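Using the hints provided, position chains B and C relative to the given structure of chain A.
Residue numbers (my numbering), protein chains in the order written: chain A, 64 to 399; chain B, 64 to 399; chain C, 64 to 399.
Incorrect hints may appear among the rest.
A pair counts as met if it fits within one copy or between any two copies, since identical chains are not told apart.
Unchecked claim - Simulated pairs of lysine-lysine, DSBU-like, Cα-Cα distance not exceeding 30 Å:
(1) Lys344 <-> Lys107
(2) Lys249 <-> Lys79
(3) Lys124 <-> Lys338
(4) Lys116 <-> Lys65
(5) Lys77 <-> Lys163
(6) Lys254 <-> Lys302
(7) Lys77 <-> Lys251
(8) Lys207 <-> Lys163
(9) Lys124 <-> Lys254
(10) Lys251 <-> Lys207
(11) Lys171 <-> Lys156
(12) Lys302 <-> Lys116
Honestly, the hints are just simulated from the structure, not real lab data. Remember, predicted model here, so these are calculated numbers, not experimental data.
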Amino acid sequence: MKTLAELAQHVGGKIKGNADIEIGAVATLENATAADISFLSNPKYTNALQTTKAGAVIVGKDTDAPAALLIVEDPYYAFLQIVVLLHGHRQHKNVGISPKAGIAKTAKIGTGCIINDFATICDGVVIGDNAVIYPGVFVGDNVKIGNNCILYPNTVIYEGCRLGNNVIIHANTTIGKDGYGFAPHKDKLYKIPQIGGVAIEDDVEIGGNSCIQRGTIEDTIIGTGCKLGDLIDIGHGVKIGPHCLLIGQLAIAGSTTIGHHCVIAAQVGIVGHIKIGNLVKIAAQAGVINDIPDGQNVAGTPAISALNAKRAYSTIEDLPKMKKAIRRLEKKFENE
Amino acid sequence: MKTLAELAQHVGGKIKGNADIEIGAVATLENATAADISFLSNPKYTNALQTTKAGAVIVGKDTDAPAALLIVEDPYYAFLQIVVLLHGHRQHKNVGISPKAGIAKTAKIGTGCIINDFATICDGVVIGDNAVIYPGVFVGDNVKIGNNCILYPNTVIYEGCRLGNNVIIHANTTIGKDGYGFAPHKDKLYKIPQIGGVAIEDDVEIGGNSCIQRGTIEDTIIGTGCKLGDLIDIGHGVKIGPHCLLIGQLAIAGSTTIGHHCVIAAQVGIVGHIKIGNLVKIAAQAGVINDIPDGQNVAGTPAISALNAKRAYSTIEDLPKMKKAIRRLEKKFENE
Amino acid sequence: MKTLAELAQHVGGKIKGNADIEIGAVATLENATAADISFLSNPKYTNALQTTKAGAVIVGKDTDAPAALLIVEDPYYAFLQIVVLLHGHRQHKNVGISPKAGIAKTAKIGTGCIINDFATICDGVVIGDNAVIYPGVFVGDNVKIGNNCILYPNTVIYEGCRLGNNVIIHANTTIGKDGYGFAPHKDKLYKIPQIGGVAIEDDVEIGGNSCIQRGTIEDTIIGTGCKLGDLIDIGHGVKIGPHCLLIGQLAIAGSTTIGHHCVIAAQVGIVGHIKIGNLVKIAAQAGVINDIPDGQNVAGTPAISALNAKRAYSTIEDLPKMKKAIRRLEKKFENE
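The following block holds chain A by itself, in its conformation from the complex:
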């Protein structure tokens, strides 16, 4: 339990209302009780604010509400700080190094590591301090893993890949499988050995059931601080700059480069061998087939400016009417 005053101090916010109320948990506006704090960052939920039973609500500006207000510059970030304070991040049971894991003698494992049953750590692997390796994880030959990494159950990392510090990889994700590279020759397809690896930089989190291919020649790179969703497909030799948000089910084909601080939404497809600039935003389901300069927002297939796309794609519904109108005009014209 923290008082609202303590929470306000923690996030650097102002209080409107009773600073002494005690808050034990975070809850939604809809289901919060008097001992909960809630938040409003999405304007869609403004109505829910009027009827909330929360003891306090984090908001971006003073407003009327039946709860105490914690007014901050960035409600979503303050919400995060308070969730961390009140609930904390996941704790991992310290089982040490399980004798039921399969660990090669030549593997070097740092201090404070947790390696669970049925994990496999192959020859030449180097793992830093405080790693948490869940059951069923496979870490291939000569993989290098930094400090404070978490590999959730059944993560697979093929040989030679490198993870920085504070990397989190969720369950059933595959890192470093062979790039999709086959050369056709006389009606058959031949496999090209994929001699690059995957380099995942510091502070990256990768979702569940995702797959990142190793490079054909050079490493596939996931830049510092990137956050990848679930069921993502990253091609061979793709290079992603720092601090990008890559949301679920997107696919980026081989050798494409992405700048820093991009936001690429769900189910986007990006062809190979192109260059996406910095601070680019790509809307969900877009199909990107050309380079995109810095700072552009795009949408649609093929992707165009998001503003144009919004108008253009909502006009598709009018196509049958437009076609008829053109025919009518043509007929009238002919008849004159």
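Same frame as chain A, but now just chains B and C:
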């Protein structure tokens, strides 16, 4: 072997032809033999009915065919009943509780459970009766599992999630990984602890290689009787009503709610924070960005009425001609 | 190290420049050094050829470059041959049959097989010679596997499926999970037992995190030499002919047949019960709802000729202008 008469009695159907023929298996119209029963529910296969060598065919109405007919109201459901009768559901070898599984002492496991090698059952887990846990499955701390559940190999269930009775989860699927929640702050992205769980109600089946995120604050819910396909991505806090069909590779973003008896086809994307009503049908590859009222059929991106979408999207092909026609009309007009 | 002359002989090419230089590795045009060979097959990289520091470059025709040239008919295939020569395919550590694997007594395993820790081989399985089974792999009852197959970590193969020779399956992929088949009856959905299997023919490679459903009645078939990408979803009873390229995240619904030598790009969706001919090319993100004859190239949703689609889809951006133009014309006409 069953006689056609026995099958007819089992499904409540009428026979046209020899009721005494013996049927041992279900087969396709194309490859059936005299000891097989086939079925016609998709009219696409009406031609195949004329040349089938099946001993009998399940149909919805009397018709000419070179086989005995089993005439029922709902041929697809009768087919199901007969497959179950003749072939049965998968049997699971009763290995009991394998000593090579890793089972926490505090886990409570019901009677008749099968837990295979290399499965991990963590602290505080409660599993009902007759569960089948295949190798490589991970069941995290305090997960609750009802009766008669089947977890296929390498399924991963993160801590605190709850499964009802008769739940089936296919291989390499991930339940309860962290919701995709990151708050940007001063050019970096910070992870929001995801304190909700996942609640999967009775009679749900989830396909392979799918991923269901836990809720940020409140549980993600998969309603009673829902059937999910493969490679599905369900966001944090999504709530899906009972008896929905959710087909492969669809994605539903965080906090969206879906009503009951919806059918959402393959590769659909649905944005977060919207409300899909009951009995809604969404066509494959649609992109849904707004609420959908009960009973609507939609298609396209952005999704519109399925009827309009069919005409509109098939008109896209005519766009270049339409553009030229407009130019021609404009020129003629100017020239007058 | 090989001399350029040796490489030229290996691939049957001509040399322009110094045939005696020694080459140790393959590298990109951008980062190659004097001891590296690079290649130019994608014309996008023609500029990089002019500034490369590679000792030699594989090209399709004579050109000016600051490196020796190895001129061949098919640069991509020659590149493949040279990567294989200089770097080789992945080597698998020969751990023999691990005592920590779970192998049924009734399983028959050929000579030279490698079966790692925590792999499960069930009753009645038959595995040919020289198989490599990585940790966490599950091979269900009565699965038949040919010679020289590689199953990467956490691959799951359900009972009764059949793999030919030289089949490679990447990590976290699922073969033979139940087809998505449910019959609605009185507001509930009932599971149809899926009595078909999956037959994967010789020389097939399947990517990571993919899912191939078993057939409802007849086998799902992946033809000889097919190469499948990551996160692919193949429905029940789909039959794919030989030597197809099926790229990541595509989905093919139940009972559809695909001919030979097709190329189906990323994120394509194909409905069930249709027939795709031979040598068909389907562009990324296309939605295919009708049969496609041999040799066609298609794109778009619904898929149309790729040539028409290119023009048509790039015209979507002009829709708002076209709509306005039509209105203007209609007004002018009325005013006359």
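Here is what the structure says about each hint:
{"no.": "1", "hint": "Lys344 <-> Lys107", "in the structure": "both (22 Å within a copy, 25 Å between copies)"}
{"no.": "2", "hint": "Lys249 <-> Lys79", "in the structure": "between (76 Å within a copy, 26 Å between copies)"}
{"no.": "3", "hint": "Lys124 <-> Lys338", "in the structure": "between (40 Å within a copy, 27 Å between copies)"}
{"no.": "4", "hint": "Lys116 <-> Lys65", "in the structure": "within (18 Å within a copy, 63 Å between copies)"}
{"no.": "5", "hint": "Lys77 <-> Lys163", "in the structure": "neither (53 Å within a copy, 56 Å between copies)"}
{"no.": "6", "hint": "Lys254 <-> Lys302", "in the structure": "both (23 Å within a copy, 23 Å between copies)"}
{"no.": "7", "hint": "Lys77 <-> Lys251", "in the structure": "between (69 Å within a copy, 24 Å between copies)"}
{"no.": "8", "hint": "Lys207 <-> Lys163", "in the structure": "both (22 Å within a copy, 25 Å between copies)"}
{"no.": "9", "hint": "Lys124 <-> Lys254", "in the structure": "between (59 Å within a copy, 24 Å between copies)"}
{"no.": "10", "hint": "Lys251 <-> Lys207", "in the structure": "between (36 Å within a copy, 24 Å between copies)"}
{"no.": "11", "hint": "Lys171 <-> Lys156", "in the structure": "both (21 Å within a copy, 19 Å between copies)"}
{"no.": "12", "hint": "Lys302 <-> Lys116", "in the structure": "between (47 Å within a copy, 22 Å between copies)"}
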